[in-house]
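Visitor: This is what each chain is made of:
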Amino acid sequence: MINVLTRYLTLFVLTLLVLAALSFSLAYLFPGDVLTNLTGLTPQNDMQREALARQYKLDQPYVVQFYHYLGQLLSGNWGHSFISGLPLREEIGIAMPATIELATYAMLIALIVGVPVGYYAGMRSYTPIDHTINSVSLFSYSFPVFWLALLFILVFSLELGIAPLSGRVSLLFDIPDATGFILLDILLAEDIDKGLALSDALHHMALPTLAIAIITTAAMIRMTRRSVIDVLGRPYITAARSRGLSRWQIFSRHIVRNALLPILPLMAIQITTLITNAMIVETLFSWPGIGNWLIQAIYQRDYPALRVGMLAVSTLVITLTILVDLFNRLIDPSREKYERATV
Amino acid sequence: MPQFSLYEEEYHPSPLKRTWIEFRNSHIAVVGLVVLAGLLLFSLFAPFLAPYDPLAQNIDGLLIPPSWTVNGSISHLFGTDALGRDVFSRIIYGCRVTLGSSILLVLLAMLIGVTIGTVAGVMQGVRSSVINHLLDALMAIPTLLIAIIIVAIVGTGLVNSMWAITLALIPQFIHHTRSFVRAEMKKEYILASRLDGATNRQLFFNSILPNMIEMLVVQGTLALSIAVIDISALGFLNLGAQPPLPELGAILADGLDVAYLAPWNVALPGLTIFVMVLAINIVGDGLRSALRKRLVR
Chain L
1 MINVLTRYLT LFVLTLLVLA ALSFSLAYLF PGDVLTNLTG LTPQNDMQRE
51 ALARQYKLDQ PYVVQFYHYL GQLLSGNWGH SFISGLPLRE EIGIAMPATI
101 ELATYAMLIA LIVGVPVGYY AGMRSYTPID HTINSVSLFS YSFPVFWLAL
151 LFILVFSLEL GIAPLSGRVS LLFDIPDATG FILLDILLAE DIDKGLALSD
201 ALHHMALPTL AIAIITTAAM IRMTRRSVID VLGRPYITAA RSRGLSRWQI
251 FSRHIVRNAL LPILPLMAIQ ITTLITNAMI VETLFSWPGI GNWLIQAIYQ
301 RDYPALRVGM LAVSTLVITL TILVDLFNRL IDPSREKYER ATV
Chain Z
1 MPQFSLYEEE YHPSPLKRTW IEFRNSHIAV VGLVVLAGLL LFSLFAPFLA
51 PYDPLAQNID GLLIPPSWTV NGSISHLFGT DALGRDVFSR IIYGCRVTLG
101 SSILLVLLAM LIGVTIGTVA GVMQGVRSSV INHLLDALMA IPTLLIAIII
151 VAIVGTGLVN SMWAITLALI PQFIHHTRSF VRAEMKKEYI LASRLDGATN
201 RQLFFNSILP NMIEMLVVQG TLALSIAVID ISALGFLNLG AQPPLPELGA
251 ILADGLDVAY LAPWNVALPG LTIFVMVLAI NIVGDGLRSA LRKRLVR
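In the order they appear, the protein sequences are chains L and Z. The numbering of the first sequence is full-length UniProt numbering, which starts it at 1 and goes up by one. The numbering of the second sequence is full-length UniProt numbering, which starts it at 1 and goes up by one.
Simulated from the structure, these hints should not be mistaken for lab results. Note that CB positions come from ideal geometry on N, CA and C, so glycine has one too. Each hint should be verified, as a subset may be incorrect.
Stated by the list, open to error - Here are the simulated distance ranges between beta carbons:
hint, chain 1, residue 1, chain 2, residue 2, range
1, L, Ser246, Z, Leu138, 44 to 50 Å
2, Z, Lys187, L, Leu158, 45 to 51 Å
3, L, Leu184, Z, Ala37, 22 to 28 Å
4, Z, His27, L, Val256, 31 to 37 Å
5, Z, Leu41, L, Leu158, 31 to 37 Å
6, L, Pro128, Z, Leu40, 44 to 50 Å
7, Z, His27, L, Ser125, 39 to 45 Å
8, L, Ser135, Z, Met215, 23 to 29 Å
9, L, Leu9, Z, Tyr11, 54 to 60 Å
10, L, Leu187, Z, Leu40, 32 to 38 Å
11, L, Tyr299, Z, Leu83, 43 to 49 Å
Claimed, not checked - Partial list, computed: chain L residues near chain Z (C-beta under 10 Å):
hint, residue
12, Leu111
13, Leu294
14, Ala297
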């Protein structure tokens, strides 16, 4: 147990170091001035430039610079945005929770809908109903997320007018930014009609969440179904059947938990897809998340923002992935390290 | 095939043939294959099949609706866009750009991934463990992020977005090759060849690679569907192919400006991407289940 924990901790720290090094080297790789890319500040004259360069240890070897950069990252001094001039830490602190919120709800829908449907299809494998579920999930799995979101906008927002086009919540509500998660913020806020605000926020959230959730749910159904069918073919199921256990007993005692095991590592892979899809959908719904923020940054060539934004997003994704992997390893130590099921 | 067997001769099809027989049994998979073949034909022979030049603008025919609507004309099957370009021709060329570049980049990613994966699979000890784990973790970085960084360093363009997606796909191939090679190296036929004095290189090319091809084809179709979606997503976000180039995602983004006036400019290119991805997924799915059934029987 401790062994495994140390291994994963080492892996985590190593990966973060690699990412930090990558982000540091981006300051040199991006076009333009290294000092500006690193700090987001444009020095007015030579004296100021020298002072800044000394402050950021740019006159010293790369290793010292990198060490200093790490210190700056850890102390929360991430530089300033080129365009808005605000500290990047604040901007990311606002944008990141919005993305996490969107992705979390989509993942929840996928888990709540996808896993039971997958179990059902797996238990009824190779019957007409299983084929139907399988085809529908293959169908929705193939949607390009941006097109799906566009169709939603065209149908629900423009034609039917039942869902708002963009944003997180109507501007009429003055909701202070406490946690960054809109639903929590509304609950924490004072002096507003919480019921109205919540329903408004949910209306805003429905379309983007659904667009992401449909694809993730389809993947979830397929993974669960496959895993259940694999488990059904195992000898211990035959043994249970020969002992005279009923279908339901076999399902609840032997299949549920064993089928979940191979799904977990696949979920780790799904996290990447989920965050990517969330980032793309954000740009369409003007959702103020990290994806929208990064895309705006690239359109405006805001290099300091890109440098830190890349680090922030990849840290988030990798932390989640490693956590899921670790969890998987802890609950199932018998598993080969590299074994992974298929979609 | 003879009607009856005169001699009690057993028929032993080769593994490849058996896979094909299993694959053929699934009608949906065959339909998917036909659609995919059609799209491939479109991409290969785009200049002969497209009725118009995909870039030629026609001021006299702006936003003509598709031919099946009341105001449509048969001379423009899918109508025209805001600059009077023929949507059908643009989509045919779009298949060429999107599917063609996806296939290219998947092949490239496969080549690099298999090479590194083999080395990693043969390697042992702490060094290999560190590399493997690091690769696993770095595999989690989203394509979009890699693409944004590459675009920031070298600028937008179809080729740059292809590099980004190639980079993002390589780790999957490394991962699968590594576990495959690792599993095969423990088997007895490898030991037999090794006792015969085969070098590592010979082992790989003569023993492991032929067994790996099926896995590579299956992984390749998976990667291809991801590549098509990613390339069109980047084109759509204006980070990949740039507007005059008929790339399906870029065509879709172009149509966005007139989405309300001329919804077919958004619906048709998107539908094409969807059909392309669906066909690839169906073929991949059919291949996987055919392989599975073959191994079971």
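Visitor: If a hint holds in the structure, say so; if it does not, say that too.
Guide: Okay, the hints, checked on the actual structure:
1. The supplied range of 44 to 50 Å is met by Ser246/L and Leu138/Z, whose beta-carbon atoms lie about 47 Å from each other.
2. Taken as a hint, the range 45 to 51 Å is violated for the pair Lys187/Z and Leu158/L, whose Cβ atoms sit roughly 59 Å apart.
3. At roughly 52 Å, the beta-carbon separation of Leu184/L and Ala37/Z lies outside the given 22 to 28 Å, and the hint is violated.
4. For His27/Z and Val256/L, the Cβ-Cβ distance of about 33 Å falls inside the hinted range of 31 to 37 Å, so the restraint holds.
5. Restraint check, Leu41/Z to Leu158/L: a C-beta distance of roughly 36 Å satisfies the suggested window 31 to 37 Å.
6. Checking the proposed 44 to 50 Å range against Pro128/L and Leu40/Z shows it is violated: the Cβ atoms sit about 32 Å from each other.
7. With their beta carbons about 19 Å apart, His27/Z and Ser125/L fall outside the hinted range of 39 to 45 Å.
8. Take Ser135/L and Met215/Z: their Cβ atoms lie about 25 Å apart, and the range 23 to 29 Å holds.
9. Range check, Leu9/L to Tyr11/Z: about 58 Å between beta-carbon atoms, so the 54 to 60 Å window is met.
10. Between Leu187/L and Leu40/Z the beta carbons are some 54 Å apart, a value that contradicts the proposed interval 32 to 38 Å.
11. At about 23 Å, the beta-carbon gap between Tyr299/L and Leu83/Z misses the expected band of 43 to 49 Å.
12. The criterion of a C-beta within 10 Å of any C-beta in chain Z is not met by Leu111/L, whose closest approach is roughly 19 Å, and the hint is violated.
13. Against a cut-off of 10 Å between C-beta atoms, the interface hint on Leu294/L holds, since the closest Cβ of chain Z lies about 6 Å away.
14. Taking 10 Å as the C-beta contact cut-off toward chain Z, the hint placing Ala297/L at the interface holds, the least distance being around 8 Å.
The structure is inconsistent with the numbered hints 2, 3, 6, 7, 10, 11 and 12, although it conforms to all the rest.
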